[in-house]
Each structure stands twice: as C-alpha cells, then as structure tokens.
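Participant: Residue strings, one per chain:
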Amino acid sequence: MTIQSEPVLELRNINKSYGSVKALTDVSFKAFAGEVIGLVGDNGAGKSSLIKTISGAHNPDSGEMIVDGVARHWKSPHDSMMAGIETLYQDSGLAPDLTIGSNIFLGRELEKKGILGKFGFLDQKSMERRALDELEKVGITVPLSRRTVSQLSGGQRQAVAVGRAAMWAKHVIILDEPTNHLGARQSLEVLKVITAARDQGLCVLFISHTLPHVLEVTDRIIVLRLGRVVKDAPTTEFTVESLLGTITGLNT
Amino acid sequence: MSTVETPAASSNEAPPPSPLRRVASFAANQQFILFLVLVGVMVFFDFHNSRFFGTSEFTNLLVDFSEAVLIAGAEMYVISSGGIDLSVGSTIAVSTVVGAYAIQYLEGHHFGEFPSLLLGTFACAGVGAMVWVINALLITKARLVPFVATLVTLSMGEGLALVFSKGGTVGYDPAAAVWSSTGFWIFRWLTLMVLTVTVVLGLVLHFTRYGRYNFAIGSNPFAARAAGINVNRHVASVYVLSGVLAGLTGMIWYFNTSGGAPQNGIGNELEAIAAVVIGGVSLFGGSGRFTGIILGVAILTVVHDGLVFINIATTWNEVVVAGFIALAAVLQSMRPGTKRLM
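Protein sequences, first through last, are from chains G and X. Just add 10 to wherever you are in the first sequence, counting from 1, and you've got this note's numbering. Just add 38 to wherever you are in the second sequence, counting from 1, and you've got this note's numbering.
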C-alpha cells in the first residue's frame, strides 16, 4: 500500500453539538487514497455524527473539511456526492425490485441518444452492460444483470451496494456497517469488494462493530470515544483485545 | 408501504435457473395467464351469445374500457410508488359536475360548442389536479399515510359532488352525446384519445426516468433518497397526475352520459384497485407491468358487459370480480421472489 503525501480527505478540529450534547469534539484526521480506515467506537461515540458530517447530511458547528486539497462546505448530501464522496448508509442500500443495472445507475440514469432521450427515455441496455463491467472491476460477478436485486443473496446484495459506491466515488467511500446481518462467507464477499475498491485507489472509511472484520480489512484504525479521537494507529498495532480496551476506555 | 429488506431475511443463495424452471416461469408469467383468461372469457361469452363479437358490442366494450383504464393507470402509478389512492372515484364525480357547470356557463355565453367542451375538459382536469394537490400536501407535508389522506379526499369529493349538483344531474348536452358517438369502425374518437393516453402512460412508466424513479421509490424510498432522488416531489407529482387522469375520466363520463351526475364514478376506485391487483402489481410497491393492468381492466370490462349478454343479472358482477381478484392474488403469491408478510 502506498500512502501519498497529500491526504484525499482531511478533517481539522470538527465540533458538533446537538443542543447541550456534544457529539464531536475537535475531531481531526487525515485519510489518504488507497487505504481502508476503520472507524470504531461504542454506541454514542460519535461515529454517526462524524459520517453525517463528511457526507453532508448535516453541518459541523466549527472546523474545516478539506477534500482533495480544497476546503469544502456541504449544503446537502448531493454536494458531497458531486465532490466524489459516496456514502452507503445502513438503511439505504438498494431497491430490491429493480434490476442490478437499474440500481447501479439509480439517480444517474443514462438516457437514449437523440429525441427519445430528451423525453427522458432510458438506455437500459447500456446501463446493464456498463454495470456488469464496472462490478467486475471490483471483483463482483453477478450471474445476470437483468436480475432484480431481490433475487440475489444477502452477501451479493451488499457487495453490489459497495460496488455501486466504489463505481461512482472519485475519492472516498463511507460504509456504515456493511457486514451487519451477514454470515461469515457473505461478509467475506463484501470485504473482498472493499479491498478491490482500495486497490483502485479509493479511500474507504469502514464503520463496523464487528472487530474481526475491522482488523482483517483495514490498514489503519481510528477509535472514537465520547466524541473524541482517542487513537489513530496502523491496524497492525491492534489485537481484538487491545482494540476493545481502547473503545471502552479500559486501556489507552 | 415498502419493506426495507434485511439481508439476513433472505441470505440463501439464489438458485441458478434451469431450463425447466424457465418454462415454468414463462407459464407462470402473470401477463401470459391474464391474456389466456381474457381470451377464454371472450370465447365463453361468444359461445353463449354470438352477437358478443359484433361491431356494436365491441364499440361499447371500448367505451366502458376507456371509462376505467385511465384511473386504473393512475392507481398503478400510485401503488407502484408505494402509495394507495382511494379518491379516484369521487374525483370523477366532482370533476364531472364542475365540468358540466363550466360547459353550461360557457355555452350560455355563446362560446360555441367546441371551445366550451374543450374548456370544460380543462376544468375537469383542473378539479382533479386540485383534489390531488390536497392529497399531495396531506401526504408529503402533513405526513398522513396515503390510505388516510385519500380517504379524506374520497369523502370530501363525494360530498362536494352532491353539494355542487344539489343531488341532480347538471346540464344536458345532446351535442356532447352526438360527438361522443362518432368515430370509425369500433373506435369512437374519445376511445382513441383514451387509448393514446394509455399507451403514453405505459411507455413513461417503463421506459423513462420518471417511471424508473416511481418504481425505485416504491421499492425502497431510503435508497431512492440516498441516490439523490427528490422523493417528496415525485410522490406529490404522482398524486397530481392521478388527479388529472381522474378529472379527464370525469369528462369522459360527461360525454358518455351527456351530463354531470354526482354519482358518476363513485366506487370506481375499487374497480381500479381490482384491475391493479388482477394485473399482478405488487401492493407493496416497486413492481408490476402496465400491460398487466390493461389486461386487468379488459377482463373486468368484458366480464361486466358479458354477464348482461348471457342473461345473468348484473348484480352478480361483483361476485365474479371477487373470484378474479382471488385468483390473481393466489397467482401472485406463488410467484418466486414475492415479498411475504408471513
């Protein structure tokens, strides 16, 4: 793994309060292209607040966010998408009744050329074909693109969802508990896609409670506790026990 | 009404399709079965009364079809986006009454026949749009569930139709009746217009961005929002579209009955929903084919008219319709990959 000198995403002293509750206190870190960063912490540690800040779901009270060298301020999640950050929330995922290709291109549909396209007619064939190509790049082979997502297994679905984020992101993908509810073998499918996305030069923020997955797939781990970054270190420095200790505050 | 599927609930591997399975899935294709049913029903009626396949009967069939197909189409849009619409029928009633008043007024002021009818049509569509703006506001702003919101407008529409018309038929317009009975072969001009609109509705639903968003929202509104789709705006627009279609149907009633009666279209929302169910559209939203509801409306229309032909009291109509709904629902639940509650 090569770490470039310029971070693709940098947070400087981000603060966020909900009324009198301080959710984030002086959160700072740098994230580089081509690395998977684990973002861990107990419930209420500030993980959700942090990813919502990065994805533009809400704004920080103070602090700076620099994406690819430019200080940015999001007005909506759409802004962060335009700037090359894709977020996969737990509850969003895919539309099960649509085909894989339709899901991959959801919100970014390709229109037919010419007059039909002007009326909003879609070029379904191109979308299905390109979806297959793009998914293959991150190591996902789906049997038939014309299948609906509901016909896929849970692991395949989540892999497709991650693949979708990887396809559209220019810089960063944020994955909120992507291996939740998945069995061991299915989780492996998803972790493989995450590794493939990293190898394509993306920065992956991986949020999870499943510590073995975090240790397996990440290059670096950032531990949040009570809204503060308490540890930011290479994954090799952690074991499940020491990571758990850092999360709960038993050891520092 | 959509279900956010947890991957754990369906973590089994998808089975590979075998040739046998493909044949089975084609035979189980609801469109195909519906088509066979439609042909079967028509042959059955013709067998009992050979006049059924006559030109005049087909003309009548198409007229009845065109009274039902637009609101079924509207219902299809609403249901596949994850909602439900109970107020299409009563909107027909209000718009037919208001449209009749508008035409009466315009003709009384020497506007001429054609401009009056045209403006009356706009008045009908406008009333429909207004009802659905109320629906859209109740659903997207007041956050009522569609069932309750459209129940409100259902009652309101029924009531207002009676209030406006004072309980009687508004206007009597022989000119409209004359015009609406012209056309060529088995098609009346009005029928042709309705069929054109129907085809456009089907194309938009299945081949354009608008239709894609409709299904996406019905399938998983969270995913749709995360993909940058303005869910509220789309849902509101679907109800407005539905209102305009019901308003236009009100005008069709005006032409076919040469006047605006407050009982026009009352209860037709159930027929529209029945057509949607028979057509194999998931009531959970997210899936369905437009050809299905066209076949559904066709079957209901043929059964409705055919019973008269074989001398069975029309009161049996609802019972026969119930049978078709049950059959269609069972077919749908047997389809692979169907969402189940239990």
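If you're looking for bench data, these hints aren't it; they were derived computationally from the structure. Hints may contain errors.
Away from chain G, derived, C-beta distances all over 10 Å, residues of chain X [stated by the list, open to error]: (1) 73; (2) 84; (3) 87; (4) 207; (5) 235; (6) 246; (7) 267; (8) 324; (9) 346; (10) 368.
Restricting the straight-line Cα-Cα distance to at most 20 Å, the calculated cross-link-like pairs of lysine to any residue (SDA-like) are [unchecked claim]: (11) G/122 <-> G/146; (12) G/85 <-> G/181; (13) G/85 <-> X/245; (14) G/135 <-> X/327; (15) G/85 <-> X/99; (16) G/122 <-> X/270; (17) G/123 <-> X/247; (18) G/85 <-> X/270; (19) G/202 <-> G/181; (20) G/135 <-> X/242; (21) G/123 <-> X/327; (22) G/128 <-> X/327; (23) G/128 <-> X/156; (24) G/128 <-> X/270.
Note that the Cβ used here is the ideal one computed from N, Cα and C, for glycine as well.
Participant: Determine for every hint whether it applies to the structure shown.
Facilitator: Verification of the supplied hints:
1. Annotated as non-interface, residue 73 of chain X keeps its C-beta farther than 10 Å from every C-beta of chain G; the closest such distance is 22 Å.
2. Residue 84 of chain X, annotated as away from the interface, keeps every beta carbon of chain G farther than 10 Å; the closest lies near 38 Å.
3. Every beta carbon of chain G lies more than 10 Å from that of residue 87 of chain X, the smallest distance being close to 42 Å; the non-interface claim holds.
4. The Cβ of residue 207 of chain X sits about 40 Å from the closest Cβ of chain G, beyond the 10 Å cut-off, so the non-interface label holds.
5. The beta carbon of residue 235 of chain X is kept farther than 10 Å from every beta carbon of chain G, the shortest such distance being approximately 15 Å.
6. The claim that residue 246 of chain X lies off the interface is violated: its Cβ sits roughly 4 Å from the closest Cβ of chain G, which falls inside the 10 Å cut-off.
7. Interface exclusion of residue 267 of chain X from chain G breaks down, the closest Cβ pair being 6 Å apart, not more than 10 Å.
8. Listed as a non-interface residue, residue 324 of chain X fails to keep its Cβ farther than 10 Å from every Cβ of chain G; the least gap is roughly 3 Å.
9. The Cβ of residue 346 of chain X lies farther than 10 Å from every Cβ of chain G, with a closest approach of about 39 Å, so its non-interface assignment holds.
10. Against chain G, the non-interface label of residue 368 of chain X holds: every CB pair exceeds 10 Å, the least being about 20 Å.
11. At most 20 Å may separate the alpha-carbon atoms for a hinted pair to count; residue 122 of chain G and residue 146 of chain G exceed this at roughly 24 Å.
12. For the hint linking residue 85 of chain G to residue 181 of chain G, the alpha-carbon distance of about 19 Å falls within 20 Å, and the restraint holds.
13. Between the alpha carbons of residue 85 of chain G and residue 245 of chain X the distance comes to roughly 32 Å, so the proposed pair goes past 20 Å and is violated.
14. Between residue 135 of chain G and residue 327 of chain X the CA atoms are separated by roughly 19 Å; this keeps the pair inside 20 Å, and the hint holds.
15. For the suggested pair residue 85 of chain G and residue 99 of chain X, the alpha carbons sit about 55 Å apart, so the restraint of at most 20 Å is broken.
16. Between the alpha carbons of residue 122 of chain G and residue 270 of chain X the distance comes to roughly 26 Å, so the proposed pair goes past 20 Å and is violated.
17. Between residue 123 of chain G and residue 247 of chain X the CA atoms are separated by roughly 14 Å; this keeps the pair inside 20 Å, and the hint holds.
18. For the proposed pair residue 85 of chain G and residue 270 of chain X, the alpha carbon gap of about 18 Å is at most 20 Å, so the pair holds.
19. Among the hinted pairs, residue 202 of chain G with residue 181 of chain G is consistent with the structure: their alpha-carbon atoms are about 19 Å apart, no more than 20 Å.
20. The hinted pair formed by residue 135 of chain G and residue 242 of chain X meets the criterion: a straight-line CA distance of about 17 Å does not exceed 20 Å.
21. Note on residue 123 of chain G and residue 327 of chain X: the hinted pairing is violated, with a Cα-Cα distance of about 25 Å set against a maximum of 20 Å.
22. Distance check on the hinted pair: residue 128 of chain G and residue 327 of chain X sit about 24 Å apart at the alpha-carbon level, beyond 20 Å; violated.
23. Between the alpha carbons of residue 128 of chain G and residue 156 of chain X the distance comes to roughly 29 Å, so the proposed pair goes past 20 Å and is violated.
24. This hinted pair does not check out: residue 128 of chain G and residue 270 of chain X have alpha carbons roughly 24 Å apart, beyond 20 Å.
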